[in-house]
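Colleague: In order, the protein sequence lines correspond to chains A and B.
Just so you know, we're using this note's numbering here: the first sequence kicks off at 1 and counts up by one.
Just so you know, we're using this note's numbering here: the second sequence kicks off at 1001 and counts up by one.
I should point out that these hints are in silico values taken from the structure, not numbers from a laboratory.
Worth double-checking, as some hints may not be accurate.
Straight-line alpha carbon distances no greater than 25 Å define the calculated DMTMM-like cross-link-like pairs of lysine to aspartate or glutamate that follow [what the hints assert, rightly or not]:
{"id": "1", "chain 1": "A", "residue 1": "K87", "chain 2": "B", "residue 2": "E1037"}
{"id": "2", "chain 1": "A", "residue 1": "K191", "chain 2": "A", "residue 2": "D216"}
{"id": "3", "chain 1": "A", "residue 1": "K190", "chain 2": "A", "residue 2": "D82"}
{"id": "4", "chain 1": "A", "residue 1": "K190", "chain 2": "A", "residue 2": "E162"}
{"id": "5", "chain 1": "A", "residue 1": "K87", "chain 2": "B", "residue 2": "D1069"}
{"id": "6", "chain 1": "A", "residue 1": "K191", "chain 2": "A", "residue 2": "D82"}
{"id": "7", "chain 1": "A", "residue 1": "K191", "chain 2": "A", "residue 2": "D226"}
{"id": "8", "chain 1": "A", "residue 1": "K190", "chain 2": "B", "residue 2": "D1087"}
Partial list, computed: chain B residues near chain A (C-beta under 10 Å) [to be verified]:
{"id": "9", "residue": "T1012"}
{"id": "10", "residue": "A1022"}
{"id": "11", "residue": "L1047"}
{"id": "12", "residue": "W1050"}
{"id": "13", "residue": "S1109"}
{"id": "14", "residue": "L1125"}
{"id": "15", "residue": "T1143"}
{"id": "16", "residue": "D1144"}
Using N, Cα and C, we set each Cβ at its ideal position, and we do this for glycine too.
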Amino acid sequence: MSTQPLSKSAGDPLLERLERLERLNQRRDGNAGRSPASGSLSPPPPPAQTRHAKRHPARIARLGALAISCATTGGLTYLFADLNASKSANQALAALPAVVPVGVQITSAPPTSAATPATTPAATAAGVPSATATTAAPTPSAPAATPVAAVQAFNGQLVNTEYGPVQVQLQFTNGAISEVAIVAYPTGDKKSVRINARALPTLRSEVLSAQSAQIDTVSGATYTSDAYVRSLQSAIDQARAAGATARG
Amino acid sequence: MNNLWWYATRSTGVVATILAVAALMSGFFFSSRNTGERRRPAWWLDLHNWFGGVALAFTVVHVLASYLDSNSGIGLLQVFIPGTARDSSWAITWGVIAMYLFAITVFTSWPRKRLRPRLWRIVHLTSVVGVVLAGLHGFQSGTDGTTLMFEAGLVATAALGVYAAGVRVLALVVPRRT
């Protein structure tokens, strides 16, 4: 069978070429059984891909739209997760105890509706030069607020880390660490904020339970933890020197 | 994992709304013969059909994600019956109605030849109401409804939709040049 086309087009290079092309097309379509001799030199049927493209003229645009849609969904999901994480981190940091003025704070019972709080600067503790005393000034109709405790606050050393400064404030009540506030922490980038939002509350609770600077570092926040401990130790040293505590 | 469903609910909702607006626009441009000379009308029709189908698919994922999110308060009843949600009742109602309208529009497009042209056209045009309700649903119930980014996006998509609708209405009023 294969010799038939050759004999048919013998001597004519153009015919030979056309026949070769036809055989090639038939092979591509998987129509090997069809005899080239029986068929004419009619154009081959369009390949399957062309037929598909005709059925869906916007095939590429469709695929593009689908890809963009999926990518947008993924991007938005990431964005929402990122925004939510930042919001949670800010909430956690905002929940940390507030920094108070360094020195002695005399806290009193919460004022009643008739009582008017008044703040008068006074040095109430020996050895603390920048002390302030906050008292509730009662009106004649209200009972006097009873002072509860004297809180002494000491700022630790400002420790610089690769990501930013860390400084803690220790607050002592009756010689014990009653609160740990954070004066400065790295806020240069979102990652630092998130790490500190997780680490600082943990470090605070560790200090409150240990009542010393002998605390574990928080994994993933090594720089902050180390700087925190150093600042904490310097605050404890100051407190010990001022006679606020014998611990540490 | 639960948070992931919440994020997926929000993102698929936004993408489904954008795709629905894109389907609306391509449909209006196609039916007003305002598709330009660069692409053939068949291309626009194909794209319009695709946008509609994908918008419905994303809507289904949106509904599924909100159902799987245990904090959303969306159960099977709330998914299928409008007005049964306790929180954001009206907003969820608009969403459920929009979902039905999208589904009806897409599923009646396949057996189009079996329907009377007028009936098919009326059913198909309810998708416009669906898109409006979907936007309202996102605005009222979405967590991002009050954010500047979402509001700007909503205004932009609404403007595009109104523009396409304007082109379509203008094609009805102004006779085409032959």
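Colleague: Hint by hint, say whether it matches the structure.
Modeller: To see whether the hints hold, each was checked on the structure:
As the CA atoms of K87 of chain A and E1037 of chain B are separated by approximately 49 Å, the hinted pair breaks the 25 Å bound. Between K191 of chain A and D216 of chain A the alpha-carbon distance is near 21 Å, which keeps this suggested pair within the 25 Å criterion. Taking the CA atoms of K190 of chain A and D82 of chain A, the gap is near 10 Å; set against the 25 Å cutoff, the hint holds. Annotation: proposed proximity of K190 of chain A to E162 of chain A holds, straight-line Cα distance about 15 Å (limit 25 Å).
Between K87 of chain A and D1069 of chain B, the direct Cα distance comes to roughly 20 Å. Compliance with the 25 Å bound is thereby established for this hinted pair. At roughly 10 Å between alpha-carbon atoms, K191 of chain A and D82 of chain A fall within 25 Å of each other, so this suggested pair holds. Between K191 of chain A and D226 of chain A the alpha-carbon distance is near 18 Å, which keeps this suggested pair within the 25 Å criterion. Taking the CA atoms of K190 of chain A and D1087 of chain B, the gap is near 33 Å; set against the 25 Å cutoff, the hint is violated.
For the restraint placing T1012 of chain B at the interface with chain A, the shortest Cβ-Cβ distance is roughly 6 Å, inside the 10 Å limit, so the hint holds. Among the interface hints, the one on A1022 of chain B holds; its C-beta lies about 7 Å from the nearest C-beta in chain A, closer than the 10 Å criterion. A distance limit of 10 Å between C-beta atoms decides the matter here; for L1047 of chain B the minimum to chain A is near 4 Å, and the interface restraint holds. Contact between W1050 of chain B and chain A, as hinted, is supported at the beta carbon level, the nearest pair being about 4 Å apart and thus within 10 Å.
Nearest Cβ of chain A to the Cβ of S1109 of chain B: about 15 Å, over the 10 Å cut. The hint is violated. About 22 Å separates the beta-carbon of L1125 of chain B from the nearest beta-carbon of chain A, more than 10 Å, and the hint is not met. For T1143 of chain B, the shortest C-beta to C-beta distance to chain A is roughly 8 Å, which falls under 10 Å, so the interface hint holds. Contact between D1144 of chain B and chain A, as hinted, is supported at the beta carbon level, the nearest pair being about 8 Å apart and thus within 10 Å.
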